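Position chain B against the provided structure of chain A, taking the given hints into account.
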Amino acid sequence: MGLLSDPNRRRALISLLTRLNSPICVVCYMAGVAWFMGLAFEPFTLRTYMSENAMGSTMVEERFPAGERALTTGREFSAHKKKAGGMPVDWLVKTMQARGLEVFTQRFSRKLPFPDENKERYMVKGTNVYGILRAPRAPRTEALVLSAPCTPGDSNNQAVGLLLGLAQYFRNQIYWAKDIIFLVNEHDLIGMQAWLEGYHHTNTTGMDWSPLQGRGGSIQAALSLELSSDVITSMDLVLEGLNGQLPNLDLANLFYAFCQKIGVLCTIQGKLQRNDWDSVSGYSHSVQTMMLMVMKQASGRPWGDHGLFLRYHIEAASIKGINSFRQYKTDVTTIGRLLEGMYRKLNNLLERLHQSYFFYLMPSLSHFVSIGYYMPAFGLLAVILLLRALDLWVQLVSSPGVLSVLTPLVISHLTGVALYTLPIQFQEMAVEQFPVSETEAVVLTAIGYNVFLFIYIGWRVLKLVAVLYLAVLLGCTALINFSLGFILALTLVPVAAFVTPHVPKVLSAFILVILSPACTLLFSVFFFQELQELPVSFQEGWLLYLSVISQGILDHFLYGSLVYPLIALLVYPCWLLFWNILFWK
Amino acid sequence: FVFIMRCNFRIVLFLPPGLYKTPGRKMQIWLFYEELVIRPLHSGDIYASFQFRTVWETDFMRGNKVSHYRLFPKSLGQVISKFSVRELHISFTQGYWRTMQWGQPFQPSPPGAELWVWFQDSVTDVDGTWKELTNVLSGIFCASLNFIDSTNTVQPSASFKPLGIGNETDHRFLRYATLPREIVCTENLTPWKKLLPCGSKAGLAVLLKSEKLFHSSFHSQAVHIRPVCQDWQCKTTSWELRQTLNVVFDLHNSAQGKREWSLFKMFSRTLTEACPLASSSKIYIDITDNPQGEQFEVSPATPLLSQAVVLGDRRTFSVYDLTQQITFGTVRSLNLLIRWKSSEGDMLRPLLHAERYVAGYGLQTGEIHTLMYNNHPYRSFPVLLLDSVPWYLRLYIHTLTVTSKGKDNKPSYIHYQPSKDRLRPHLLEMLVQLPPNSVTEVTVQFERALLKWTEYTPDPNHGFYVGSSVISSLVPSIVAMDTNSTRERPLFSSFFPCKEESSYFVRVYTEPLLVNLPTPDFSMPYNVICLTCTVVAVGYGSLYNLLTRSFQIEEPSPGLAKRIANIIRKMRGVPPL
Chain A
1 MGLLSDPNRR RALISLLTRL NSPICVVCYM AGVAWFMGLA FEPFTLRTYM SENAMGSTMV
61 EERFPAGERA LTTGREFSAH KKKAGGMPVD WLVKTMQARG LEVFTQRFSR KLPFPDENKE
121 RYMVKGTNVY GILRAPRAPR TEALVLSAPC TPGDSNNQAV GLLLGLAQYF RNQIYWAKDI
181 IFLVNEHDLI GMQAWLEGYH HTNTTGMDWS PLQGRGGSIQ AALSLELSSD VITSMDLVLE
241 GLNGQLPNLD LANLFYAFCQ KIGVLCTIQG KLQRNDWDSV SGYSHSVQTM MLMVMKQASG
301 RPWGDHGLFL RYHIEAASIK GINSFRQYKT DVTTIGRLLE GMYRKLNNLL ERLHQSYFFY
361 LMPSLSHFVS IGYYMPAFGL LAVILLLRAL DLWVQLVSSP GVLSVLTPLV ISHLTGVALY
421 TLPIQFQEMA VEQFPVSETE AVVLTAIGYN VFLFIYIGWR VLKLVAVLYL AVLLGCTALI
481 NFSLGFILAL TLVPVAAFVT PHVPKVLSAF ILVILSPACT LLFSVFFFQE LQELPVSFQE
541 GWLLYLSVIS QGILDHFLYG SLVYPLIALL VYPCWLLFWN ILFWK
Chain B
1 FVFIMRCNFR IVLFLPPGLY KTPGRKMQIW LFYEELVIRP LHSGDIYASF QFRTVWETDF
61 MRGNKVSHYR LFPKSLGQVI SKFSVRELHI SFTQGYWRTM QWGQPFQPSP PGAELWVWFQ
121 DSVTDVDGTW KELTNVLSGI FCASLNFIDS TNTVQPSASF KPLGIGNETD HRFLRYATLP
181 REIVCTENLT PWKKLLPCGS KAGLAVLLKS EKLFHSSFHS QAVHIRPVCQ DWQCKTTSWE
241 LRQTLNVVFD LHNSAQGKRE WSLFKMFSRT LTEACPLASS SKIYIDITDN PQGEQFEVSP
301 ATPLLSQAVV LGDRRTFSVY DLTQQITFGT VRSLNLLIRW KSSEGDMLRP LLHAERYVAG
361 YGLQTGEIHT LMYNNHPYRS FPVLLLDSVP WYLRLYIHTL TVTSKGKDNK PSYIHYQPSK
421 DRLRPHLLEM LVQLPPNSVT EVTVQFERAL LKWTEYTPDP NHGFYVGSSV ISSLVPSIVA
481 MDTNSTRERP LFSSFFPCKE ESSYFVRVYT EPLLVNLPTP DFSMPYNVIC LTCTVVAVGY
541 GSLYNLLTRS FQIEEPSPGL AKRIANIIRK MRGVPPL
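Here the protein sequences line up with chains A and B, keeping their order.
Heads up: the first sequence begins at 1 in my numbering, then just goes up one per residue.
Heads up: the second sequence begins at 1 in my numbering, then just goes up one per residue.
Source of the hints: derived by calculation from the structure; they are not laboratory data.
Since we're looking at a predicted model, the values are computed, not measured.
Glycine included, each C-beta is placed from N, C-alpha and C at the ideal position.
Please note that a few of the clues may not be correct.
[Claimed, not checked] Below are the BS3-like pairs computed for lysine-lysine, each with C-alpha atoms no more than 27 Å apart in a straight line: (1) K258/B / K74/B; (2) K212/B / K125/A; (3) K82/A / K94/A; (4) K94/A / K258/B.
[Said to hold, decoys possible] Which bits of chain B does chain A cover? Going by a derived footprint, with three or more residues having C-beta under 8 Å, they are: (5) 268–282; (6) 296–305; (7) 409–422; (8) 460–472.
[To be verified] Sample of chain A residues facing chain B (criterion: CB under 10 Å; computed from the structure): (9) P139; (10) R140; (11) Q355; (12) S524.
Bound-form chain B, shown alone:
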């Protein structure tokens, strides 16, 4: 077996990347791309985003028996075919993305674990399949996904549309769940790395060392599987697997306050080669804020530049192509160095951001406040707010208010599914128009339920988590705001803002909430209280008896002998005994 593996590997090396011929079948195409985007942040922190993309032209569905996987991880391929998954998105995140300091991430994700899956319309028992799928994924990723059950699964009607091809939007086939408490650690990273074609042996993945990745301010890893078009006519479809990993290193913790970053400092490794299986392997450094090199300096310098509109903003990137030997220079290793010249870190004003908190005090009621900020100077835009609240917070939906600028803001669409105790959570989806330059506040009151004593977690005084709310929106892009857009483009192209650039899709996750529920004291005093209550109850019963009854002395009824004696005495005319 080892021998065959080796042979395969050799064949792979000799063929041009991407085109591999399977004996006896038509030509299949596997493609693997890897890239790393590094963005120096204003706060002095640094953001590194890895993406590994595998494309495989095949058809799992329609009863096709697939046994030959090559670059595509077999474990995931089998999951897709067994559970008839059309799209699968899973993310594990430790930390909270700080929009005010870091801007928008390339791939947003909520703290903890998030899983959303679109099933094929051929699936009849979606809930059962979902349950099995979560258990299998739990094994694949070594995560507690098996804790996903009906009490934290929802079917959003509008917020999560399929990202791949296909027009099926019947949300009966969609399942969405988050586990805000899930902690991400090395044991989740290792299986994630094993899905890569080169593992962590070569290419960009050598940088993924857990001792550095978890010494950071933010860590998020994700797997996205979706069907995509193979060509522009979309005659054939193929499966795309995207593995992403986002990490932010902290200026004060990882760099000791020095505004100087290098690959070695971040990952304690340098790069020496691309993954041999990759058809493209690139590093991008975001130098948009640094056109003349006045903010920071990047070395080694590269002549390659690339421009792209990312998240509504036209960005410029320096590109390092790892497939070219020249990138590695004479020392045969690439250690990118970014040295800041200035040191100022102001808060950003992202166009859309949100926060959430619990208001009130005491253990009976409370109020969830969700604040959504639209910082656009003159344009309003609609957002879709998705809130999934566990059943033990009983939402008083009649207290739902949406206000912006002190005025009532009526949502144009509300989808509310009330919870059922111990069965399903509340689901609230709203389409709200955010006026320009405003804060929109959504409040809803709740009552904290008293759980059964077996339903408390082992650490009930820690509190109970409520997952992040999800805000999805098409945000007017900065490019469209740019009044000087005539600078670089021909005049005829710039009068009407073209659709692709006029707005962009953003998903913002709020922080999860930690809510204390009324908790009995599960300790010795609790027993004492139980005992005292029993004693008081018994005492009260007796006292009540004493107070409500009147007692009289009653002679005991005489015995038979005495009665007979009395009858005889009566007959004799003698007074009875």
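In isolation and in its complexed conformation, chain A is listed as follows:
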């Protein structure tokens, strides 16, 4: 600090920073991107390891024998599901009771804000069925959850069968120290939301549900099982939850450890692990895996039924059985043993999972990048904004009036509020007036207007405020959801850095639109498809883009995802401020 308190040296430093501002910014940007890309390089990452002692050193034996019977139960379930035309509540209640569980049901109903075209639902009514295995001599203070969704059609019958098979097997064991709740939820996430809200007696999204009759205390961990075929080739682990929350890394470690032990192929983001990290293809493979995780996390939506547990501080993950055309097949008994092992270790937990990381990225299932490693990448981008702000501050001759920037700030935020409220308000009107589908109506009202604001104040003051605003906004976002913060920073920081009224208008306006949040999302959609090796044409991509936006809005209203309000109420107004600077006269 002596450097800064000496006016001479301070002046020299500031002049250096202002003189070299643009080169430093460019270097920082490059360094940030390079750092981020380096994260997927295996020598730079850490191997995963089990931090929780209660799960690490203790040995458990897996003895689950009844895979075939579980499949039979699954077929029975499928038949009853077909007969009932939905959840076979009575059959499930009876079957669970026969296995010695305490069985309860929960009814729920929800009217969506607008029809969901992907899943074709508008008025949702359903029933959750859950059975509680009471731990022999535990006083109902702790519980674990195993859930399987009851989906229409032929999928997931095996998951329910295996769930019932495990319930029967677990019931005869004496070693349980925590109650185990076996939950079959209808209408996937909506049912899960209803059950979780009922269990914790909260109502954050205005859903109607009947109160739960039986509980098992505070839930320590949960797994959601999805399984659609009798044999599988690999198990996929899904971690990304609501608002980009992740479960404790130990849960992923546990899954990986048991897959290794039992000999099941395991994937994350549907990608197998590769050993050739030093080859180009090996590196690009792990970049792809990590980028998929970043994209999924940035979307802020729950990528499996587990995603909603995380809000309640319950560590949860989804496990999906995948059947592809590989030689190596795994039967249901083995998956049952995998789950048995995981639940026995979770049962051994003395405390909640807390030892390992909550903030991480995974370039493969055996390697992870912790928050300490990935934050510098964002920091390098964020420092550009601070440097720009410093530059502007020095250039300002007179002290700026704060009130002068109030008008553009208020106006751009009002547009943000409009963007937040109008799509839902006007979609009905649009559907009535024009021959468009509901989804399109929502999206078009959302992106249909661009506001040109012409406000006459000193642009430097405005830009200074806008740059600092963006820095705070992105900083906070990155702390909660790194991926979202980083992707937004990647596109918005260049905009914030270069926009002045003196750059060529048309070209800059074009760049500004290209780097707007809406276009970022469009590119992300194409990029995501590319990463998943499912490239789409522009037409399909556009439709996908529209549906992604409507899904985002639905996620907000159904589950309380915060990405849509964040973009609409904060990021978009901030971008508008830069637009405003460009057209300053």
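Relative to the frame of chain A, chain B by itself:
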């Protein structure tokens, strides 16, 4: 000493049980009863309840020096006289009684340890005596009762009345505490068995083998000491020690799903004799649901039947008297066998049951919900709800609501004692009327306190326990509901329901709660965070300095020589240095 012991034992054997003469003093009476009640449950599980009762006509109080104990355990006798205890109830329970599946227990108890004591009104320093007493009991029962201190002790004003004789109900002399976290194990069972006159050598106590008792769904052992009347005129009082042990064996774990139970299967022992010191030794099997033997069959059959109104319900029991040799048959060993014929296990609808949970998410606030179900079709009854909540959950008592059937239900009596941080817990007692066929919900919001870093337990992420709430009530009995009561009784006896049978006392314990408090990360990242915060604080201080002060270059003040030189120069008219 051994020789004397043996002599005593022989004398005991020759005298008729119960009457023993102490030389030089008036005749004293010791009585010892033991019994086991077995109730086959609808769920297929089986419930076994042991009771050992020792009655001793003596007076510890009023300065009497007692040195001769015989059947009464000396350790407890000394505790009673030293701490002037009038009544003592202690229970250790592992597991939670499942009212919906098992009905009401004979002796309810909360998970963990529970201790409540009425002191004599001669005790001046009740808190001090209580503290000493808990420490002594902790030693006697090998339990962590020494963790009972002022932060988990309350003085309930209405819920815990003395069960023995005496009308003193000044709750200044009552102390109640629970330790929901206490784990019950063999080391608690052994000292408990040692209090029995026959130890675990003879009588029903041979069945108490820990490897079986702890392989169960529910295990509860208790000791109750209270003064009782010796005769119906209550001229003399005597002390009663009741040791109870309740255990429920699970159909799936202990019986491999087979609906067939025997003494051997339950306890891996059979019975060969009664305790020689016992004046009564009996086994009861509850066959109420099985009058014609269509549900289950019991063998060996017994002609002895007994009827009693238990928990408001008229029950029939088969009785096996162990003092009779004929009970043991030709093989000289009794192995009761209960074989179910049907296999259905529906949920019960007990007249009163309760549950409790924490609502909400996040680590700042929460809400405790207590649900009380009155399943009686047409009668409402009042219940006393006792809630003792540790101080680190700061109850917002203004948010207390009691609702039944969607309407506000105003409690007719509320006793609330606010907590003091680190000193005493919240105590909330309410008298609530439960309407018929309804659910009454009591909710109160709380804030989770931030503890000092030394106050966290070694496993802070496990959570902190809140003890069970206690619901005490006089529940209208099933006997009174019985419209066909004229069947077995004379008409003149059945028009007005008589008081004893019209309602019965039930105590229901809810499940304890496990609540997470905001917990710092006590690990390496915690240090990193501390370090970072320090660095940020220092950086912020300097930056703040830089932003708020303006810096100017100032010439250093010239030295003495220079000043003198300048004065001379000035005098000479030359510009200064």
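Hints versus structure:
A threshold of 27 Å between alpha carbons decides the hint, and for K258/B with K74/B the separation of about 44 Å lies outside it, so the pair is violated. Pair hint K212/B plus K125/A does not hold up; C-alpha atoms about 48 Å apart against a cutoff of 27 Å. Distance restraint check for K82/A and K94/A: the Cα-Cα separation of roughly 17 Å lies within the 27 Å cut-off, and the hinted pair is therefore satisfied. Distance restraint check for K94/A and K258/B: the Cα-Cα separation of roughly 19 Å lies within the 27 Å cut-off, and the hinted pair is therefore satisfied.
With 0 residues carrying a beta carbon less than 8 Å from a beta carbon of chain A, the stretch 268–282 of chain B misses the three-residue requirement, and the given coverage is violated. Taking a C-beta to C-beta cut-off of 8 Å, the stretch 296–305 of chain B contributes 0 residues in contact with chain A, too few for the three needed, and the coverage statement is violated. Against chain A, the stretch 409–422 of chain B contributes 0 residues with a C-beta closer than 8 Å to a partner C-beta. That does not satisfy the three-residue criterion, and the hint is violated. Evaluation of the coverage hint for the stretch 460–472 of chain B: fulfilled, as 5 residues show C-beta separations to chain A shorter than 8 Å, against a requirement of three.
At its closest, the beta carbon of P139/A sits 3 Å from a beta carbon of chain B; the interface hint therefore holds under the 10 Å criterion. Interface hint at R140/A: satisfied, since its Cβ lies 4 Å from the closest Cβ of chain B, which is below the 10 Å cut-off. Nearest Cβ of chain B to the Cβ of Q355/A: about 7 Å, under the 10 Å cut. The hint holds. Annotation: interface hint on S524/A violated; nearest CB of chain B at approximately 30 Å, more than 10 Å.
Against the hints set out earlier in the document, violations occur for numbers 1, 2, 5, 6, 7 and 12.
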